[in-house]
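Once you have looked at the hints, place chain B on chain A.
Protein chains in written order, with full-length UniProt numbering: chain A, 1 to 428; chain B, 1 to 428.
Because the hints were derived from the structure by calculation, they are not lab data.
There may be inaccurate statements among the hints.
It does not matter which identical chain is used: a pair holds within one copy or between any two.
[As the list claims (entries may be wrong)] Taking lysine-lysine pairs in the DSSO-like style, the calculated list, with each CA pair at most 27 Å apart, reads:
#	residue 1	residue 2
1	Lys50	Lys343
2	Lys343	Lys52
3	Lys6	Lys29
4	Lys178	Lys6
5	Lys343	Lys327
6	Lys303	Lys343
7	Lys327	Lys29
8	Lys312	Lys344
9	Lys303	Lys344
10	Lys178	Lys52
11	Lys333	Lys312
12	Lys184	Lys327
13	Lys344	Lys50
14	Lys6	Lys344
15	Lys289	Lys303
2 protein chains.
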Amino acid sequence: MEVELKGVLSDLEALRRSAPADQSDPIDKLQLRIQHLTNLAKSEPIRRSKVKNMSVEVVDSNPYSRLMALQRMGIVENYERIREFSVAIVGIGGVGSVAAEMLTRCGIGRLLLYDYDTVELANMNRLFFRPEQVGMTKTDAAVQTLQDINPDVVLESYTLNITTVQGFETFMSSLTNKSFSPNKEGSGVDLVLSCVDNYEARMVVNQACNELNQTWMESGVSEDAVSGHIQLLIPGETACFACAPPLVVASGVDERTLKREGVCAASLPTTMGVVAGLLVQNTLKFLLKFGYVSPYLGYNSLKDFFPTMEMKPNPQCSNSACLERQKEYMLAKPARDAAARAKKEAEALATVQGPLHDDNEWNISVVDDNETENDADGQSAGALPEGLVRELPSADEYQKPTVSEETNDKLDDLEELRRQLEALNADS
Amino acid sequence: MEVELKGVLSDLEALRRSAPADQSDPIDKLQLRIQHLTNLAKSEPIRRSKVKNMSVEVVDSNPYSRLMALQRMGIVENYERIREFSVAIVGIGGVGSVAAEMLTRCGIGRLLLYDYDTVELANMNRLFFRPEQVGMTKTDAAVQTLQDINPDVVLESYTLNITTVQGFETFMSSLTNKSFSPNKEGSGVDLVLSCVDNYEARMVVNQACNELNQTWMESGVSEDAVSGHIQLLIPGETACFACAPPLVVASGVDERTLKREGVCAASLPTTMGVVAGLLVQNTLKFLLKFGYVSPYLGYNSLKDFFPTMEMKPNPQCSNSACLERQKEYMLAKPARDAAARAKKEAEALATVQGPLHDDNEWNISVVDDNETENDADGQSAGALPEGLVRELPSADEYQKPTVSEETNDKLDDLEELRRQLEALNADS
Numbered sequence: 001m002e003v004e005l006k007g008v009l010s011d012l013e014a015l016r017r018s019a020p021a022d023q024s025d026p027i028d029k030l031q032l033r034i035q036h037l038t039n040l041a042k043s044e045p046i047r048r049s050k051v052k053n054m055s056v057e058v059v060d061s062n063p064y065s066r067l068m069a070l071q072r073m074g075i076v077e078n079y080e081r082i083r084e085f086s087v088a089i090v091g092i093g094g095v096g097s098v099a100a101e102m103l104t105r106c107g108i109g110r111l112l113l114y115d116y117d118t119v120e121l122a123n124m125n126r127l128f129f130r131p132e133q134v135g136m137t138k139t140d141a142a143v144q145t146l147q148d149i150n151p152d153v154v155l156e157s158y159t160l161n162i163t164t165v166q167g168f169e170t171f172m173s174s175l176t177n178k179s180f181s182p183n184k185e186g187s188g189v190d191l192v193l194s195c196v197d198n199y200e201a202r203m204v205v206n207q208a209c210n211e212l213n214q215t216w217m218e219s220g221v222s223e224d225a226v227s228g229h230i231q232l233l234i235p236g237e238t239a240c241f242a243c244a245p246p247l248v249v250a251s252g253v254d255e256r257t258l259k260r261e262g263v264c265a266a267s268l269p270t271t272m273g274v275v276a277g278l279l280v281q282n283t284l285k286f287l288l289k290f291g292y293v294s295p296y297l298g299y300n301s302l303k304d305f306f307p308t309m310e311m312k313p314n315p316q317c318s319n320s321a322c323l324e325r326q327k328e329y330m331l332a333k334p335a336r337d338a339a340a341r342a343k344k345e346a347e348a349l350a351t352v353q354g355p356l357h358d359d360n361e362w363n364i365s366v367v368d369d370n371e372t373e374n375d376a377d378g379q380s381a382g383a384l385p386e387g388l389v390r391e392l393p394s395a396d397e398y399q400k401p402t403v404s405e406e407t408n409d410k411l412d413d414l415e416e417l418r419r420q421l422e423a424l425n426a427d428s
Numbered sequence: 001m002e003v004e005l006k007g008v009l010s011d012l013e014a015l016r017r018s019a020p021a022d023q024s025d026p027i028d029k030l031q032l033r034i035q036h037l038t039n040l041a042k043s044e045p046i047r048r049s050k051v052k053n054m055s056v057e058v059v060d061s062n063p064y065s066r067l068m069a070l071q072r073m074g075i076v077e078n079y080e081r082i083r084e085f086s087v088a089i090v091g092i093g094g095v096g097s098v099a100a101e102m103l104t105r106c107g108i109g110r111l112l113l114y115d116y117d118t119v120e121l122a123n124m125n126r127l128f129f130r131p132e133q134v135g136m137t138k139t140d141a142a143v144q145t146l147q148d149i150n151p152d153v154v155l156e157s158y159t160l161n162i163t164t165v166q167g168f169e170t171f172m173s174s175l176t177n178k179s180f181s182p183n184k185e186g187s188g189v190d191l192v193l194s195c196v197d198n199y200e201a202r203m204v205v206n207q208a209c210n211e212l213n214q215t216w217m218e219s220g221v222s223e224d225a226v227s228g229h230i231q232l233l234i235p236g237e238t239a240c241f242a243c244a245p246p247l248v249v250a251s252g253v254d255e256r257t258l259k260r261e262g263v264c265a266a267s268l269p270t271t272m273g274v275v276a277g278l279l280v281q282n283t284l285k286f287l288l289k290f291g292y293v294s295p296y297l298g299y300n301s302l303k304d305f306f307p308t309m310e311m312k313p314n315p316q317c318s319n320s321a322c323l324e325r326q327k328e329y330m331l332a333k334p335a336r337d338a339a340a341r342a343k344k345e346a347e348a349l350a351t352v353q354g355p356l357h358d359d360n361e362w363n364i365s366v367v368d369d370n371e372t373e374n375d376a377d378g379q380s381a382g383a384l385p386e387g388l389v390r391e392l393p394s395a396d397e398y399q400k401p402t403v404s405e406e407t408n409d410k411l412d413d414l415e416e417l418r419r420q421l422e423a424l425n426a427d428s
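Just chain A, same shape as in the assembly (with noise of 0.2 Å):
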């Protein structure tokens, strides 16, 4: 549009300089007109400013407030390392495009999408894409929503397909690629995320992974629409997507044309909201590193069930590099184990003597657990703040214990009773 009305008012200059004297006062307010339309289309897509650091401040203005809110909870430590990670998500569909704009929307450093599918009308029945937006690539479609709804995520598209030798050596070279965080150990992403909707392709992400060593989450939801699942996969530690294969996959023939044979997989925006919502949440507990990362969660959506389970990688499997990893893995045990003994006993002693390192970098400190009952402002943990009333008598009030004080002393003294059982012992 800012191109035409351009074209416009060249058009209109050069009719003022063939035009004679009195002509020139309206064909000047033309030009004005065309201008201020100039400005208009030019302002159309209003778009956020970048922020530079996320700011705890509780104003609306402010997009990050309810993210920071997070650290005053309790629940993170520091939020803001979000901005210093990269997520790799494979497969833009009805999982893969609800997990970036929620990750967009969490603020995180960098996005890489991949895909080289279309936007349909047949796709409108699952969150994110618009119908404005069908015929466009996916990637194109997301980077147009992602970008505009938080400018701050620096997004790399990739529209290939990863199952081809091309496909794989560009993605195999954007996950290497360190340009956005260059100190990082391992490579240049995070963690991947595989939301495809085919095993020939989950197995191309695993075999990226297992070369990299990089951990990965999968997701996936059933045909019928009405159940899913998320794991997480560490090469060397966890089994990996080859060590336990479905029982059924497809042979020889493409997957794709096997589903789109008169029929097609049913979905939803339930299911897939849910598996995405799961997805990154565990991501988010993953890198900021709160909360317990499942191995494997499943969703059964006709009984509200939610099955977990963990697997071991299997010593048979058929990707060698996973068999590399196990043995990286088996012969780092030494060295784990012997870390993990120096913390706990490092923990032990700063129990007793309180931090003895001048090299906390973490500000780690200890708090005795008495003291976590009073606030911070000295209140006791029963007191409430202005303006709230207890709806029912304090829980307290009903679990007063009952034992008299003697008895107490006498059941709390394990050692002495100990003592007398071994005497009752010597006597008979």
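Below, chain B without anything else, positioned relative to chain A:
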């Protein structure tokens, strides 16, 4: 933009009339150019046209193919019934907006949206709203996005606070309006979803639903952003929101001022996306009658733990409408039991004699358990379609019973065994 360009066109027309004859050619050209720009500006919001019937056809241009596939997969009996249902969503925030988008993409018949708040940059850490919508009311922004996604859905928005006297009146009258489905029993909506963020608003939804005998679902996310829940409330049958109030509530002050005094609640797009997904999945199960609708489902994201429970109504509930519904539910018990018994007997009869009734309007038929092991093509369940091979030997190979045929025959004949036992007893 369109209006401004029309202004330019009429200015050009005036210019042409007053200009000398040799100037008319370039002015004509300019007019054509502006005409072209007007058409461009007009076509900008590309929307798909409405769809009359949901088609099962598997083509890229069918927005419902993946949903109608739920029928072929045997999950849902009649997916298209979704167009008959009305769902009210109270609170269009981090959970409500995503729930609205999911239902819109599923092709729900009618959505009623209630909120009084405006979109802020501070909402951008959750899904749905976009930065260019900042300053719009949440209802207007939601309608703008949702009608583009699916023009088949009837959208009604109410920019009001249901906790005010007038807001409550409008809320009640909108729920009882039956113009969308005049023959529906009960209120004008099939389900109310509560997606509000405070106790007071939940109590108002509870009051309305108890008065109208309206089934509803409650949802919530914790202030630390890492857990949430959904709950099904059927007046008289399950606990209402007042039957078991939360332990701590605001007293005499506006909860929102409590929350905003310098601090704010944390929130995450992941937790809210998961809660919205679980909420709408249970909504679909409830409306389309498939799977199990959870009475209560929690989500503890730190542990990936999903607690469930059931709550009976409190006979001492403080809400008088709840007590009314409880009385009605008790009085209807004999009729309910009789209906359940009759249904069971009819089913037992049908199993023996086959369908007896001419008025089998749901086309219910009884399938022999043994028959289900063969699929429609007469293949046994163990056989795979062309192109698929087993990656591992069939599980049956490991589970072949080792019992000899002779023993097997005898064990199967329980009647024979019973007679032998009786004979033994008679001897002794």
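Any hints this thing doesn't respect? Which numbers, in order?
1, 2, 4, 7, 13, 14
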